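Chemist: Okay, here's what each chain looks like letter by letter:
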Amino acid sequence: MVDPRVGRLASVLVDYSTGVQPGDLVALSVALPAAPLAVELYRRVLEAGAHPQVRTGVEEEVGILLREGSDGQLDWVNPARVEDLERADVHIAVEADVNTRAHTGADPARQARRARAREPLLKRFLERASAGELRWCVTLFPTHASAQDAEMSLTDYQDFVYRAGLLDRDDPTAAWAELGERLRGLAGWLGQKREVRIVAEGTDLTLGVEGRIWIPCAGHENFPDGELFTAPIETRVEGTIRFTYPATFHGRRVTGVELTFDEGEVVGARAASGEEFLQEMIAMDEGARRLGEFSFGCNDSVQEFTGHTLFDEKIGGTVHLALGAAYPESGGTNRSALHWDLVCDLRSGSEVYVDGELAYRDGRFLDGVL
Amino acid sequence: MTDPQVERLAALIVEYSLELQEGQIVRIDGLDVAEPLGLALYRSALEAGAHPYTNLGVTGLVELLLEHGSKEQREFISPVQRQEVETIDALVTIWAEANTRSLSRVEPSRHAGYIAAHRQLSNRRWERIFEGAMRWCGTLFPTHAHAQEAEMSLEEYERFVFGACHVHEDDPAAHWRNVSSSLRARAEEFGSVRELRIVGPDTDLRLGVEGRSWLAADGRYNMPDGEVFTSPLETATEGEIRYTFPAVYHGREVEDIRLRFSEGRVVAAEAASGDAYLQSLLDMDAGARVLGEVAFGLNYEIDRFTRNILFDEKIGGTMHLALGSGFPQTGAQNTSGLHWDMICDLREEGEVYADGELVWKAGRFLAEPAAEVVESGVRG
Chain A
1 MVDPRVGRLA SVLVDYSTGV QPGDLVALSV ALPAAPLAVE LYRRVLEAGA HPQVRTGVEE
61 EVGILLREGS DGQLDWVNPA RVEDLERADV HIAVEADVNT RAHTGADPAR QARRARAREP
121 LLKRFLERAS AGELRWCVTL FPTHASAQDA EMSLTDYQDF VYRAGLLDRD DPTAAWAELG
181 ERLRGLAGWL GQKREVRIVA EGTDLTLGVE GRIWIPCAGH ENFPDGELFT APIETRVEGT
241 IRFTYPATFH GRRVTGVELT FDEGEVVGAR AASGEEFLQE MIAMDEGARR LGEFSFGCND
301 SVQEFTGHTL FDEKIGGTVH LALGAAYPES GGTNRSALHW DLVCDLRSGS EVYVDGELAY
361 RDGRFLDGVL
Chain B
1 MTDPQVERLA ALIVEYSLEL QEGQIVRIDG LDVAEPLGLA LYRSALEAGA HPYTNLGVTG
61 LVELLLEHGS KEQREFISPV QRQEVETIDA LVTIWAEANT RSLSRVEPSR HAGYIAAHRQ
121 LSNRRWERIF EGAMRWCGTL FPTHAHAQEA EMSLEEYERF VFGACHVHED DPAAHWRNVS
181 SSLRARAEEF GSVRELRIVG PDTDLRLGVE GRSWLAADGR YNMPDGEVFT SPLETATEGE
241 IRYTFPAVYH GREVEDIRLR FSEGRVVAAE AASGDAYLQS LLDMDAGARV LGEVAFGLNY
301 EIDRFTRNIL FDEKIGGTMH LALGSGFPQT GAQNTSGLHW DMICDLREEG EVYADGELVW
361 KAGRFLAEPA AEVVESGVRG
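Chains as they are written, first to last, in the numbering used here: chain A, 1 to 370; chain B, 1 to 380.
No wet-lab data here; the hints were simulated from the structure.
Note that this is a predicted model, so its numbers are computed, not measured.
For glycine and all other residues, C-beta sits at the position ideal for the given N, C-alpha and C.
Keep in mind that a hint or two might mislead.
What the hints assert, rightly or not - Covered stretches of chain A (chain B as the covering partner; in silico rule of three or more C-beta atoms under 8 Å from a C-beta of chain B):
1. 29 to 38
2. 52 to 66
3. 72 to 78
This is chain A alone, in the form it adopts within the complex (with noise of 0.2 Å):
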């Protein structure tokens, strides 16, 4: 028996999330212990009257290719996924790991080296998503993987995610409108403002914001979701920031990363373990070295640290900035094989200065903000 859960999901990502219409080309790409989940898309799609097409991924293919591959075969992007890419109306990812550090041992080099073939990829999706073509969600599908990483059972995590989703709530929906009525609001405000600056132990880093959009984000593109972000004006970060939790990129796991900005480059990284990725990550191209992201976590159904960017980073009271690739929808111009979020918790202890205003304390805005 399948959990019912599973079917609230999909029905969620095909009908409010990516808002799946008949005649739509649906690429559904999923990794295949989402199997479960990747049938119940599959079904929801074809109800929704468009044409749902599945891409599996096989975790150890890419480890494969890692470890053997030349570097002709590094660098080689399939020209299917290109076409999926340029024909796609919907496109829903859905992540499933069976082991979350698989690629620990692989060489940062050559990760680096995939990562910029592939770039022209991102580039192209994020192009095709700010034009409006493509609408995408991204989601994750509990497993004893990503639960070892939350050291849960899975049953717990399978309650966490599917809370963080707010699929327990009568209306899962209608709880994801709320939420996104309230952060444009607070879109609409710092969409005014010049200048954030936060104010945290080991911390305190200044963003210039001005004229860039602030993006609410309500279960349309991460799912869950539940934040507010925007690109900090490429030049103008100043400051350090200790980022509280590990920071976890192509299943390398980062800790105490430590970045100090000038003029908005990274002028200095350090990290208690996993110095050398960081180190390798922030050199894979110009753009790697500067903030694509500053944004607001605010999804109050996650509380707990679990190890994967997309629940951390919408924890409610954190904030998190992302290395590399702007959203060009925010107004961001930074480019990059690189977008690498990096997730600060602020609710306690912490501070947050709107145009020199306190606006923010531990986690939460001040009453009144608006």
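Fit chain B to the known structure of chain A by using the hints.
Modeler: Showing chain B alone in chain A's frame:
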């Protein structure tokens, strides 16, 4: 740890069946349950310098599409699929099911419509194969479902499958090159035959084959393999045939089929079970009542019926005749959305006459092909 037999099968397909070259794009198709062989093929293709990618489907989706999809959805071919057929250099189809009967309750006309629509893609694929623009190989990954069909344990079935592929030989590719020589010699010898007559229990069928080319199925398009075949003349088949083995088409079984032909077309057909399905397939289109293939099964490692055409049609000592589309490279004219192989066991009482001369008895050719022909087969 991957079963070493799986790795050997993958290496054989990459090296021998597809002869993959550096820089070629190879897609590996199958369902999720084929993942171990999919990955082994991926690795072998990567070693050969190619650009492989797996295209593994999720079990249960076709069932959903056929049951719940509208006609437009069922017969939809995406522009991406059309494009892919043009760009890949090689394709491996791994047949592997979690349940070989999951389509048994689908309404036959819905299924037939789906197959006919997707024929656009496979027709284009075959065109490219015949132009020499791409390679294809179909193979099987053993699952419990296939073992169950074969009435074996999975372990026995694995032994059967890998045995039929000869992956235990010191050099499996060399074995298949030898098989290829001998099959090509036989095919060349048959090229001068005008008429075949098949005689067996409730069977006396004459087929015209004059001017048609016989081909050797030598492990390039299928692994395992082992047959020689042609497409008979479309208007010359006369007489009747009774198929001793059940005929399976897309997971549905029809038992004890008897067909009567006149001037090349099926004029009477009956089956002990599955008769409605048989009739609906015969009515699929104009070409469905005409034979598209006649073949000798010559893989004597395959010694029993396992309800899977990949193996059954190669059982050493059988013949099979397929209704529907022919093979253009043999000179065939018949086109159809159908290609349904039906197998006739000739190992006990069968006789085959070529232009009136007995050439095959009880499942064996009476003579080896002439030595000089073997030589030319090697060169070919």
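Chemist: Looking back at the hints listed earlier, which ones does the structure fail to meet?
Modeler: Going through the list in order, the structure violates no hint and respects every one.
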